[in-house]
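So the sequence lines, in the order shown, correspond to chains E and V.
This note's numbering applies: residue 1 is where the first sequence begins, and numbers increase by one.
This note's numbering applies: residue 1 is where the second sequence begins, and numbers increase by one.
The hints are simulated quantities; they were obtained by calculation from the structure and are not laboratory data.
Be aware that a few hints might be false.
As the list makes no split between identical chains, a pair holds if one copy fits it or if it spans any two.
Below, a list of computed lysine to any residue pairs in the SDA-like style, where the Cα atoms sit at most 25 Å apart [claimed, not checked]:
#	residue 1	residue 2
1	K8	K23
2	K185	P216
3	K184	P212
4	K79	N192
5	K31	S210
6	K79	L2
7	K31	S198
8	K85	I71
9	K23	L9
10	K16	I86
11	K40	F214
12	K31	S222
13	K181	S240
14	K181	S210
15	K70	G57
16	K79	E221
17	K8	L43
18	K181	F214
19	K138	N78
20	K138	N73
21	K79	S49
The chain contents come next:
Number of protein chains: 2
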Amino acid sequence: MLTKNQIKLIHSLRQKKFRISQKMFIVEGVKVVGEFLNSKYELVEIFSSDEEYSWCGPNFTEVSSKELSKISNFTAANKVLAIFKIPNPLPVDWTGLVLALDSVNDPGNLGTIIRLCDWFGINDLVCNESTVDCYNSKVVQSSMGSHSRVNINYLQLESVLVGLKPCFGTFMEGKSVYDQKLPKKGVIVLGNEANGISDGIEALVNIRLSIPRFGPDKKTESLNVANAAAIILSEFKRNSTEK
Amino acid sequence: MLTKNQIKLIHSLRQKKFRISQKMFIVEGVKVVGEFLNSKYELVEIFSSDEEYSWCGPNFTEVSSKELSKISNFTAANKVLAIFKIPNPLPVDWTGLVLALDSVNDPGNLGTIIRLCDWFGINDLVCNESTVDCYNSKVVQSSMGSHSRVNINYLQLESVLVGLKPCFGTFMEGKSVYDQKLPKKGVIVLGNEANGISDGIEALVNIRLSIPRFGPDKKTESLNVANAAAIILSEFKRNSTEK
Numbered sequence: 001m002l003t004k005n006q007i008k009l010i011h012s013l014r015q016k017k018f019r020i021s022q023k024m025f026i027v028e029g030v031k032v033v034g035e036f037l038n039s040k041y042e043l044v045e046i047f048s049s050d051e052e053y054s055w056c057g058p059n060f061t062e063v064s065s066k067e068l069s070k071i072s073n074f075t076a077a078n079k080v081l082a083i084f085k086i087p088n089p090l091p092v093d094w095t096g097l098v099l100a101l102d103s104v105n106d107p108g109n110l111g112t113i114i115r116l117c118d119w120f121g122i123n124d125l126v127c128n129e130s131t132v133d134c135y136n137s138k139v140v141q142s143s144m145g146s147h148s149r150v151n152i153n154y155l156q157l158e159s160v161l162v163g164l165k166p167c168f169g170t171f172m173e174g175k176s177v178y179d180q181k182l183p184k185k186g187v188i189v190l191g192n193e194a195n196g197i198s199d200g201i202e203a204l205v206n207i208r209l210s211i212p213r214f215g216p217d218k219k220t221e222s223l224n225v226a227n228a229a230a231i232i233l234s235e236f237k238r239n240s241t242e243k
Numbered sequence: 001m002l003t004k005n006q007i008k009l010i011h012s013l014r015q016k017k018f019r020i021s022q023k024m025f026i027v028e029g030v031k032v033v034g035e036f037l038n039s040k041y042e043l044v045e046i047f048s049s050d051e052e053y054s055w056c057g058p059n060f061t062e063v064s065s066k067e068l069s070k071i072s073n074f075t076a077a078n079k080v081l082a083i084f085k086i087p088n089p090l091p092v093d094w095t096g097l098v099l100a101l102d103s104v105n106d107p108g109n110l111g112t113i114i115r116l117c118d119w120f121g122i123n124d125l126v127c128n129e130s131t132v133d134c135y136n137s138k139v140v141q142s143s144m145g146s147h148s149r150v151n152i153n154y155l156q157l158e159s160v161l162v163g164l165k166p167c168f169g170t171f172m173e174g175k176s177v178y179d180q181k182l183p184k185k186g187v188i189v190l191g192n193e194a195n196g197i198s199d200g201i202e203a204l205v206n207i208r209l210s211i212p213r214f215g216p217d218k219k220t221e222s223l224n225v226a227n228a229a230a231i232i233l234s235e236f237k238r239n240s241t242e243k
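Chain E on its own, in the form it takes in the complex (with noise of 0.2 Å):
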């Protein structure tokens, strides 16, 4: 049975102000709740119609499907969903290569870009403070549980990318990705799905990058922000494989 205490904080929850206060955020639905227990993230409470669950001990709390449909955001609800402490970030390893995002606003793309660092092993990802909250449910949801394999830090772009070089930015007009020496060290900023790369951000920026487009007619206007990080971060790792 749900207390009107767990309804109320789950309903909290779905807002940044009450994820920020609580330290709290929600996971849903059994792949990427696993992927979470499996993880160094604490677990606070779960809550599920499947006794399966019951291994989490007193955080464990059994609910009807009824009671779940309730609390889920989904609209066919799955039949677990829990909260998880938000653990404080590490310091950013400005050593390594590190992806930065200027207002990135799309949960969707966040979520595809965090499982991408996953993917391309990249440790760091650094999001000014008008990137949507990584702890979003929608967020959460895309990234498929890549959250508890990327160190993300909210911090203010503007002032910690200064002197840190080299700074990679994608523009229409940059130099070829393919063309390009890319270090293993370094930022790579990728800027918001309408208007790129806010000018103060530009500025710090040392090596202007594009993806080339082909075809004859080149009308295409952009690319999905998701689709140029996995363009990029593979060109960066390819990169790094060659002999």
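Given chain E, put chain V in place with the hints provided.
Using the frame of chain E, we list chain V on its own:
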């Protein structure tokens, strides 16, 4: 003013069976409608609260914002909605580089893949019948107008791919796409979000590719199919730019 028949038609076009029988589909939003108006697609009707579209002549119906929100699929209704004819696709040009999709389900993924085809100059996209309909509203929105520059056919992949070589497919244990010589012609198959490429189609693939995974843990289960498409298409195209 909207007539009852117009409202009925628009609502019916949210369903695939009516799009097929009527050979029409819906586009919303200034940017994407603009892309289709500037293409070879034939306009059937256009509804807007803005007189700007009156140049469309008898196809234009001025409607109030309230009427528009009734027929819109968006929560925040956009200022224009248009109906276009679904054209007959051209036959596939199998002598070029063709992308084939095996049961891609998510409309956002298909839309993004169409946008990627446009970006990388892939003229032909071939989908099997269980891939989501490319005239689904969400696909149209996320392709951002790239539909008009990519030729999309729905075909029985198991039949049409027989004997076509080279036929590339992506698998977790394929050969690194970074090490494989990639030709300018051939077929690239991408599979379903959860299950990958089905057995029947896998049997027709003669070169198995994979996207290398980095990082110490290598726990990330898979890349999103649109991100995999981005990296694979970029690799095929970067090869063609090499001296």
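**Asked** What hint numbers does the structure not satisfy?
**Response** none
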